[in-house]
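Trainee: Residue numbers (numbering that gives the first Met the number 0), protein chains in the order written: chain Y, 0 to 316; chain H, 0 to 316.
Everything labelled a hint here was simulated from the structure, so no lab data went into it. Don't take every hint at face value.
No copy is singled out in the list; a pair is fine if it fits within one copy or between any two copies.
Said to hold, decoys possible - Heads up, simulated DSSO-like pairs for lysine-lysine below, C-alpha to C-alpha not over 30 Å straight-line: (1) Lys-203 <-> Lys-176; (2) Lys-176 <-> Lys-32; (3) Lys-203 <-> Lys-303; (4) Lys-203 <-> Lys-32; (5) Lys-303 <-> Lys-176; (6) Lys-66 <-> Lys-210; (7) Lys-32 <-> Lys-151; (8) Lys-66 <-> Lys-32; (9) Lys-203 <-> Lys-151; (10) Lys-66 <-> Lys-151; (11) Lys-176 <-> Lys-66; (12) Lys-210 <-> Lys-32.
What follows is each chain in one-letter form.
There are 2 protein chains.
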Amino acid sequence: MGTEFSTQRYDDIVKLVVTGTVGIDTVYTPRDKREGISGGSAAYFAAAASKLCPVRVVAVVGGDWPKSHRSILQGFSGVCLAGLESRPNSRTFAWGGRYFDDVNRRETLFTEVGVLQEAPPLVPSEYQSSELVFLGNTHPAVQVGFIEQFPKRALVVADTMDLWIRTAHAELCALLKRVDGIILNDSEAGELTGYRNAISAGRKILEMGPKFVVVKKGEHGAILVHREGVAVIPAFPVEEAQVVDPTGAGDSFAGGFMGYLASEGRTDFETLQRAMASGTVVASFALESFGLERMQSLTYEEIKNRLVQFQQMTRVG
Amino acid sequence: MGTEFSTQRYDDIVKLVVTGTVGIDTVYTPRDKREGISGGSAAYFAAAASKLCPVRVVAVVGGDWPKSHRSILQGFSGVCLAGLESRPNSRTFAWGGRYFDDVNRRETLFTEVGVLQEAPPLVPSEYQSSELVFLGNTHPAVQVGFIEQFPKRALVVADTMDLWIRTAHAELCALLKRVDGIILNDSEAGELTGYRNAISAGRKILEMGPKFVVVKKGEHGAILVHREGVAVIPAFPVEEAQVVDPTGAGDSFAGGFMGYLASEGRTDFETLQRAMASGTVVASFALESFGLERMQSLTYEEIKNRLVQFQQMTRVG
Numbered sequence: 000m001g002t003e004f005s006t007q008r009y010d011d012i013v014k015l016v017v018t019g020t021v022g023i024d025t026v027y028t029p030r031d032k033r034e035g036i037s038g039g040s041a042a043y044f045a046a047a048a049s050k051l052c053p054v055r056v057v058a059v060v061g062g063d064w065p066k067s068h069r070s071i072l073q074g075f076s077g078v079c080l081a082g083l084e085s086r087p088n089s090r091t092f093a094w095g096g097r098y099f100d101d102v103n104r105r106e107t108l109f110t111e112v113g114v115l116q117e118a119p120p121l122v123p124s125e126y127q128s129s130e131l132v133f134l135g136n137t138h139p140a141v142q143v144g145f146i147e148q149f150p151k152r153a154l155v156v157a158d159t160m161d162l163w164i165r166t167a168h169a170e171l172c173a174l175l176k177r178v179d180g181i182i183l184n185d186s187e188a189g190e191l192t193g194y195r196n197a198i199s200a201g202r203k204i205l206e207m208g209p210k211f212v213v214v215k216k217g218e219h220g221a222i223l224v225h226r227e228g229v230a231v232i233p234a235f236p237v238e239e240a241q242v243v244d245p246t247g248a249g250d251s252f253a254g255g256f257m258g259y260l261a262s263e264g265r266t267d268f269e270t271l272q273r274a275m276a277s278g279t280v281v282a283s284f285a286l287e288s289f290g291l292e293r294m295q296s297l298t299y300e301e302i303k304n305r306l307v308q309f310q311q312m313t314r315v316g
Numbered sequence: 000m001g002t003e004f005s006t007q008r009y010d011d012i013v014k015l016v017v018t019g020t021v022g023i024d025t026v027y028t029p030r031d032k033r034e035g036i037s038g039g040s041a042a043y044f045a046a047a048a049s050k051l052c053p054v055r056v057v058a059v060v061g062g063d064w065p066k067s068h069r070s071i072l073q074g075f076s077g078v079c080l081a082g083l084e085s086r087p088n089s090r091t092f093a094w095g096g097r098y099f100d101d102v103n104r105r106e107t108l109f110t111e112v113g114v115l116q117e118a119p120p121l122v123p124s125e126y127q128s129s130e131l132v133f134l135g136n137t138h139p140a141v142q143v144g145f146i147e148q149f150p151k152r153a154l155v156v157a158d159t160m161d162l163w164i165r166t167a168h169a170e171l172c173a174l175l176k177r178v179d180g181i182i183l184n185d186s187e188a189g190e191l192t193g194y195r196n197a198i199s200a201g202r203k204i205l206e207m208g209p210k211f212v213v214v215k216k217g218e219h220g221a222i223l224v225h226r227e228g229v230a231v232i233p234a235f236p237v238e239e240a241q242v243v244d245p246t247g248a249g250d251s252f253a254g255g256f257m258g259y260l261a262s263e264g265r266t267d268f269e270t271l272q273r274a275m276a277s278g279t280v281v282a283s284f285a286l287e288s289f290g291l292e293r294m295q296s297l298t299y300e301e302i303k304n305r306l307v308q309f310q311q312m313t314r315v316g
């Protein structure tokens, strides 16, 4: 297990942990391409969340994981890699995708699951104090397995994907009974519930267990369906030329969302609603580069400024 | 020309006029159907706007226009029908459409242009004082022809459709040079500019003449691209079962938008932004019934209450 820096100094203040993938991405867009860049749901999440609060990573990589990728993640102050397990004889998860002219549509070129088909990573004992748990997308049975390892958990939120809705429906239903919140995109919410309408789908998912559902709609924003109410938010408006690479935007949204909750120390409806804005703004930066590049240079000041812009752009009366 | 009531009492205060169609609709939804109901862009617009301010209608119907439809429009206090011309020997515009399970998609079953292929309606002289002009969707050359007939115009906004983008491109470009604002949906904005992205499309359209563009995205809300800035707004969240008939939602949005401007007597960026919220809320009621039914019972109080709800749902920080 590779421990990059001691987490002692964070032990009292680190509330947020993410479980998910750290992988190697290959991305083709209509105008450009990158091969072998830093990717994975936990990497995007942690990079985004770290702009708002410290965050612990639980993930596993293989012996082929580039040192340069390690340096990139280490460069995010606030990202704790004590739970990033390295297995020298395994191969890192790798994903390749191509975006169409309509950048909201992409096709997967290849998926090499590698180390993901082995046992899940171990959760370091010093992570047990984590209060906010984000279960990045993976098999729902694995996600459930992580939950018990965080005995101080105050809020557990999971991501999922269409694959598990189709191939692990029972396990996904079991997961939904164990989490406080679920984040998924609109087509997935539709597939899970039979409702194309995001509000109807969200309400149906609430009946399956969680206290709230965040339905992501990409360039059309996101909807929070909560037992106590509904919140809707548009995406931060960006021009076509600003969207360099949409990969990881959803994970960055989740990172900005959970990071905000951790920094506020609250999880009531109004805080979740503000967290949606935080996630939206952080995700809008993630799009501006391939991989984690833009996240590397992003400052808290830039986030705050864009949030003010966003507040002005979305004023209703 | 049928004058339903004297407009004398309004002469000083009626600022808003709409030109467009009054027609007979046949609508099939997945769950229900209505044949021969009251429809048309000007009817929907006027019904919606009348909840906020008086509004003058310029349109033309044939001898077959049902008396019951006239009664429905007359029932909206604040709708002036002095400019609703009746041609006994012509046939009223008729449209039939079928919505799919995805109510954002529909197919046109028939279009009987009837009286629309004749000369456009005359604008009554007492309408010349109109300051806010909404040019409902029709051939752009006809829309341009209306403009000069409103010498006191302070703000002219036009609607358009994909048909004119394809078949009357030069006339549409001429129209864009003459209007202050244009309202169109996202696919039309894409077709007109080559940009799928609504912000990029909106910016491109600004270069073609108008001061602002409203890009409607149906259930995903709307975007205002203005020379002075950008505003984004989600749709009012409604459940699947609440959407009875989406016909006229766009015209109702425009009516709520222009009605708000007329009631405020301002057209600056911030007022346009609030007008988007007004249009959004009024349109959300229009969906709740076939034809103008819901608009008939809708009160200003209901609009205000839903606007407060909407403000709470869309709070950003």
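Trainee: The structure should be examined with respect to each hint, and the outcome stated for every one.
Mentor: A quick look at each hint next to the structure:
1. Lys-203 <-> Lys-176: Within. Shortest intra-copy distance 13 Å satisfies the 30 Å Cα cut-off; inter-copy 48 Å does not.
2. Lys-176 <-> Lys-32: neither (41 Å within a copy, 40 Å between copies)
3. Lys-203 <-> Lys-303: Between copies only: 29 Å across, 35 Å inside.
4. Lys-203 <-> Lys-32: between (40 Å within a copy, 27 Å between copies)
5. Lys-303 <-> Lys-176: neither (35 Å within a copy, 38 Å between copies)
6. Lys-66 <-> Lys-210: neither (40 Å within a copy, 52 Å between copies)
7. Lys-32 <-> Lys-151: Neither: 42 Å inside a copy, 55 Å across copies.
8. Lys-66 <-> Lys-32: within (21 Å within a copy, 64 Å between copies)
9. Lys-203 <-> Lys-151: Answer is within: at 29 Å inside a copy they meet the 30 Å cutoff, but 53 Å across does not.
10. Lys-66 <-> Lys-151: neither (33 Å within a copy, 70 Å between copies)
11. Lys-176 <-> Lys-66: neither (39 Å within a copy, 57 Å between copies)
12. Lys-210 <-> Lys-32: neither (40 Å within a copy, 37 Å between copies)
The structure shown violates the earlier hints numbered 2, 5, 6, 7, 10, 11, 12.
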